[in-house]
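Trainee: Dock chain G against the given chain P, drawing on the hints supplied.
Protein chains in written order, with this note's numbering: chain P, 1 to 356; chain G, 1 to 160.
By construction, these hints were calculated from the structure, which means they are not laboratory data.
Ideal Cβ positions, reconstructed from N, Cα and C, are used throughout, including at glycine.
Heads up, some of the hints might be wrong.
What the hints assert, rightly or not - With beta-carbon atoms standing in for the labels, derived distance ranges: (1) G:E4 / P:R140: 45 to 51 angstroms; (2) G:S104 / P:A349: 34 to 40 angstroms; (3) G:E5 / P:R33: 19 to 25 angstroms; (4) P:R33 / G:R147: 38 to 44 angstroms; (5) G:N42 / P:S120: 24 to 30 angstroms; (6) G:T140 / P:R7: 19 to 25 angstroms; (7) P:H350 / G:T159: 42 to 48 angstroms; (8) P:R7 / G:E4: 29 to 35 angstroms; (9) G:R45 / P:T32: 15 to 21 angstroms; (10) G:R111 / P:C221: 43 to 49 angstroms; (11) P:A11 / G:R147: 21 to 27 angstroms; (12) P:Q222 / G:G139: 54 to 60 angstroms; (13) P:A11 / G:T140: 25 to 31 angstroms.
To be verified - Not everything, but these chain P residues come out facing chain G in the computed CB check (under 10 angstroms): (14) M1; (15) I2; (16) D4; (17) V9; (18) F10; (19) R12; (20) H13; (21) E14; (22) V30; (23) A31; (24) R34; (25) R35.
As the list claims (entries may be wrong) - If you want the ones that stay clear, here's a sample from chain G, every Cβ over 10 angstroms from chain P, calculated: (26) R48; (27) A49; (28) S51; (29) M59; (30) V65; (31) P110; (32) R112; (33) L125; (34) P126; (35) E129; (36) A131; (37) D132; (38) A137; (39) V138; (40) A143.
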Amino acid sequence: MIEDDLRAVFARHEELTPPVGPVREAIDKVATRRRRRRLAVRAAGAVLAVLTVVTVPTVGRSLVSAPASEVPVGASPAPTQAVPDRALNFLLLGIEQRGGTENGARADSILIVHVPRDRSRAYLISIPRDLGVEIPGHGRNKINAAFYHGSHRAGAKLDFAGGAGLTARTLAGETGLRFDGTATLTFTGLRRLTDAVGGVRMCLDHPIRSVHTRRVFPAGCQDLDGRASMDLLRQRYGMEWGGHDRDRNAQRFAKALLAKLVGQQTVTDPTKLMAIAKAVGDGLTLDTGDVPLAGLLTAVASVATVDPVGIGWTFGTGSTDGWEELDPQVAGSLFEAMRQDRIAQWVTAHPRQVTR
Amino acid sequence: MTFEEFADSRLTALLRYAVMLTGDPHSAQDLVQETMVRVQLNWRRVTRAESPERYVRRMLTNQYVDWRRGSWVKRVLLRGEPDDQLAVPADHAETSADRDQVWSWLAGLPRRQRAVLVLRYYEDLPDAEIADVLGCAVGTVRASISRALSTLRARLVETC
Numbered sequence: 001m002i003e004d005d006l007r008a009v010f011a012r013h014e015e016l017t018p019p020v021g022p023v024r025e026a027i028d029k030v031a032t033r034r035r036r037r038r039l040a041v042r043a044a045g046a047v048l049a050v051l052t053v054v055t056v057p058t059v060g061r062s063l064v065s066a067p068a069s070e071v072p073v074g075a076s077p078a079p080t081q082a083v084p085d086r087a088l089n090f091l092l093l094g095i096e097q098r099g100g101t102e103n104g105a106r107a108d109s110i111l112i113v114h115v116p117r118d119r120s121r122a123y124l125i126s127i128p129r130d131l132g133v134e135i136p137g138h139g140r141n142k143i144n145a146a147f148y149h150g151s152h153r154a155g156a157k158l159d160f161a162g163g164a165g166l167t168a169r170t171l172a173g174e175t176g177l178r179f180d181g182t183a184t185l186t187f188t189g190l191r192r193l194t195d196a197v198g199g200v201r202m203c204l205d206h207p208i209r210s211v212h213t214r215r216v217f218p219a220g221c222q223d224l225d226g227r228a229s230m231d232l233l234r235q236r237y238g239m240e241w242g243g244h245d246r247d248r249n250a251q252r253f254a255k256a257l258l259a260k261l262v263g264q265q266t267v268t269d270p271t272k273l274m275a276i277a278k279a280v281g282d283g284l285t286l287d288t289g290d291v292p293l294a295g296l297l298t299a300v301a302s303v304a305t306v307d308p309v310g311i312g313w314t315f316g317t318g319s320t321d322g323w324e325e326l327d328p329q330v331a332g333s334l335f336e337a338m339r340q341d342r343i344a345q346w347v348t349a350h351p352r353q354v355t356r
Numbered sequence: 001m002t003f004e005e006f007a008d009s010r011l012t013a014l015l016r017y018a019v020m021l022t023g024d025p026h027s028a029q030d031l032v033q034e035t036m037v038r039v040q041l042n043w044r045r046v047t048r049a050e051s052p053e054r055y056v057r058r059m060l061t062n063q064y065v066d067w068r069r070g071s072w073v074k075r076v077l078l079r080g081e082p083d084d085q086l087a088v089p090a091d092h093a094e095t096s097a098d099r100d101q102v103w104s105w106l107a108g109l110p111r112r113q114r115a116v117l118v119l120r121y122y123e124d125l126p127d128a129e130i131a132d133v134l135g136c137a138v139g140t141v142r143a144s145i146s147r148a149l150s151t152l153r154a155r156l157v158e159t160c
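Just chain P, with the same shape it has in the complex:
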């Protein structure tokens, strides 16, 4: 009796079923967005790993011969100094140099790596390059301009450590965090790194035509050497999503590079690591302030074995000129938690902010 009623009730309410079209669209939209986010975090983890990998032999070498040019600001090893017993913050910058000394360089990707005091794992906090900030001594501008102001020296070679330093100071003012080190990787550094590992295999879903060299990268998988990778990673124009497509290619590249490093067991072979570090040379600039590098890397190495936690959606899109702004509530509490070494609790309380 009631069973028949149930069947009838269900059948009658079939007409409540929403139309398929909009649902289908929404699924694709959300899935694309979430896939991007997921890729971004993986790529960030990969970049962190690559940087860790590349910096390890730099230290080894600097301990042996310590060429001044490769160990910038403050890395004069004071053996008595220990890594501070507190949470650590690092800044990773990816920059593109735009021809010569005049145009300068801007930081195109900015990532804070936060390691809590218990060194349980790394947390990656992406900073949008278009974030509007107060740059000390240079007024209000986008965050990526801080690298330009800090590194630009009229008629002289760009001062990468200076650019990274000003970016770190700017972010410190913005967030109240202190930074224990910065790492800056140029496109040249990426090219040399790629060649040093013997090229990477990248897969594209659309053909891409270089506006710089007119080379056409077909859709599908292909082996790329350093020069080709760099060419590909610079492409932004004429693509459906512009800068976003470029970011996605950069993420693909980072994944491919890491896969290659792991596949060749470079990560565990000091001789291979040494060769790569030598090849990258000044493409990577590292500045660890007054924190000893060797101890720092020990700290980071223990962390690198655990998957990093990515944190995103901290920033609301800004009002004007494509500038972005911090979401005052989310970002405020996040940076406070980082200052107080409570990020694990913060992440637990803000599951939506964790990118997968």
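Mentor: What follows is chain G alone, placed relative to chain P:
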């Protein structure tokens, strides 16, 4: 089978099923959307299942049953960007008000019990398959059905 083919052939049925579970088109859309996004992102794992169709129905049912844990309600209902609003079908309840009381009583059931009823009397699945969908024993399914039915019967007696 590609995800697109799967979505083309199964989306309507999933939406209907979700309407029976949630009782309204908006929640149904959110439930299906969240499930299918996860299906798309994990498509390879889904196709490895013996029957993708059953696997997805299981995902969606669990998503619905776990509602109160906030797993998808937080992400879907509290998210910042509302989707384009659906047109709500005209209210037809007045035409058959008394019989549709059963529909509103369903909303008062525990989610697992409602899911069992939908699987039994809408999807017409045998008990063993219902147990598979919900990941519980066949005995549990039968107990849930009888509890749900007796709740509904009691309501029926009250109103008569």
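Trainee: Take the hints in turn and mark each one as holding or not.
Mentor: Checked hints:
Distance hint check for E4 (chain G) and R140 (chain P): the Cβ-Cβ separation is about 47 angstroms, which falls inside the suggested range of 45 to 51 angstroms. The hinted range of 34 to 40 angstroms is satisfied by S104 (chain G) and A349 (chain P), whose Cβ atoms lie roughly 36 angstroms apart. Checking the proposed 19 to 25 angstroms range against E5 (chain G) and R33 (chain P) shows it holds: the Cβ atoms sit about 23 angstroms from each other. Separation of R33 (chain P) from R147 (chain G) is about 41 angstroms and conforms to the stated range, judged on CB atoms against 38 to 44 angstroms.
Roughly 27 angstroms separates the CB atoms of N42 (chain G) and S120 (chain P), a value that falls within the hinted 24 to 30 angstroms. Roughly 22 angstroms separates the CB atoms of T140 (chain G) and R7 (chain P), a value that falls within the hinted 19 to 25 angstroms. A hinted range of 42 to 48 angstroms holds for the C-beta pair H350 (chain P) and T159 (chain G), which are about 46 angstroms apart. A beta carbon spacing of about 33 angstroms between R7 (chain P) and E4 (chain G) agrees with the range 29 to 35 angstroms that was offered as a hint.
The given range of 15 to 21 angstroms is respected by R45 (chain G) and T32 (chain P), whose C-beta atoms sit roughly 19 angstroms from each other. With their beta carbons about 45 angstroms apart, R111 (chain G) and C221 (chain P) fall inside the hinted range of 43 to 49 angstroms. The supplied range of 21 to 27 angstroms is met by A11 (chain P) and R147 (chain G), whose beta-carbon atoms lie about 23 angstroms from each other. Range check, Q222 (chain P) to G139 (chain G): Cβ separation about 57 angstroms, and the 54 to 60 angstroms hint holds.
At roughly 27 angstroms, the beta carbons of A11 (chain P) and T140 (chain G) sit within the given window of 25 to 31 angstroms. Because the beta carbon of M1 (chain P) sits about 8 angstroms from the nearest beta carbon in chain G, less than 10 angstroms, this interface hint is met. At a threshold of 10 angstroms, the smallest CB-CB gap from I2 (chain P) to chain G is about 5 angstroms, leaving the interface hint in force. The interface hint given for D4 (chain P) is met, as the beta carbon of that residue sits about 9 angstroms from the closest beta carbon of chain G, less than 10 angstroms.
With 10 angstroms as the threshold, the beta carbon of V9 (chain P) comes within range of chain G, its nearest partner Cβ sitting at about 5 angstroms, so the hint holds. Nearest Cβ of chain G to the Cβ of F10 (chain P): about 4 angstroms, under the 10 angstroms cut. The hint holds. A cut of 10 angstroms between beta carbons decides the hint on R12 (chain P): the least distance to chain G is about 7 angstroms, and the hint holds. Taken as an interface hint, H13 (chain P) checks out: its beta carbon lies about 6 angstroms from the nearest beta carbon of chain G, inside 10 angstroms.
Hint on E14 (chain P) holds. Least Cβ distance to chain G is approximately 6 angstroms, under the 10 angstroms limit. Because the closest C-beta pair between V30 (chain P) and chain G is about 5 angstroms apart, less than 10 angstroms, the hint holds. Interface restraint check: A31 (chain P) against chain G, minimum CB-CB distance 4 angstroms, threshold 10 angstroms, status holds. Taking 10 angstroms as the C-beta cut-off, the interface hint given for R34 (chain P) holds, the closest approach to chain G being about 6 angstroms.
Annotation: R35 (chain P) was flagged as interfacial toward chain G, and the flag holds, the nearest CB pair being 6 angstroms apart, inside 10 angstroms. Even its closest Cβ contact with chain P, about 19 angstroms, leaves R48 (chain G) beyond 10 angstroms, as expected for a residue assigned away from the interface. Even its closest Cβ contact with chain P, about 19 angstroms, leaves A49 (chain G) beyond 10 angstroms, as expected for a residue assigned away from the interface. For S51 (chain G), the non-interface assignment is confirmed: its Cβ lies about 21 angstroms from the closest Cβ of chain P, beyond the 10 angstroms cut-off.
Taking the minimum C-beta to C-beta distance to chain P, about 13 angstroms, the non-interface status of M59 (chain G) holds against the 10 angstroms cut. No beta-carbon of chain P comes within 10 angstroms of the beta-carbon of V65 (chain G); the shortest separation is about 18 angstroms. Every CB of chain P lies more than 10 angstroms from the CB of P110 (chain G), the least distance being 16 angstroms, so the non-interface label holds. In this structure R112 (chain G) is separated from chain P by more than 10 angstroms, as the shortest Cβ-Cβ distance comes to about 16 angstroms.
For L125 (chain G), the shortest C-beta to C-beta distance to chain P comes to about 13 angstroms, beyond the 10 angstroms cut-off, and the non-interface label holds. Look at P126 (chain G): its CB is around 15 angstroms from the nearest CB on chain P, clear of 10 angstroms, so calling it non-interface holds up. With a least beta-carbon separation of about 17 angstroms from chain P, E129 (chain G) lies farther than 10 angstroms from that chain, consistent with its non-interface assignment. Its beta-carbon lying about 19 angstroms from the closest one in chain P, A131 (chain G) satisfies the requirement of being farther than 10 angstroms from that chain.
Under the 10 angstroms C-beta cut-off, the non-interface status given to D132 (chain G) relative to chain P holds; the minimum distance is some 21 angstroms. The claim that A137 (chain G) is not at the interface with chain P holds, since no C-beta of that chain comes within 10 angstroms of its own (minimum 22 angstroms). Distance check on V138 (chain G): its Cβ is at least 18 angstroms (rounded) from any Cβ of chain P, clearing the 10 angstroms threshold; non-interface status holds. Every Cβ of chain P is farther than 10 angstroms from the Cβ of A143 (chain G); the closest lies at roughly 16 angstroms, confirming the non-interface assignment.
Of the numbered hints stated above, none is contradicted by the structure.
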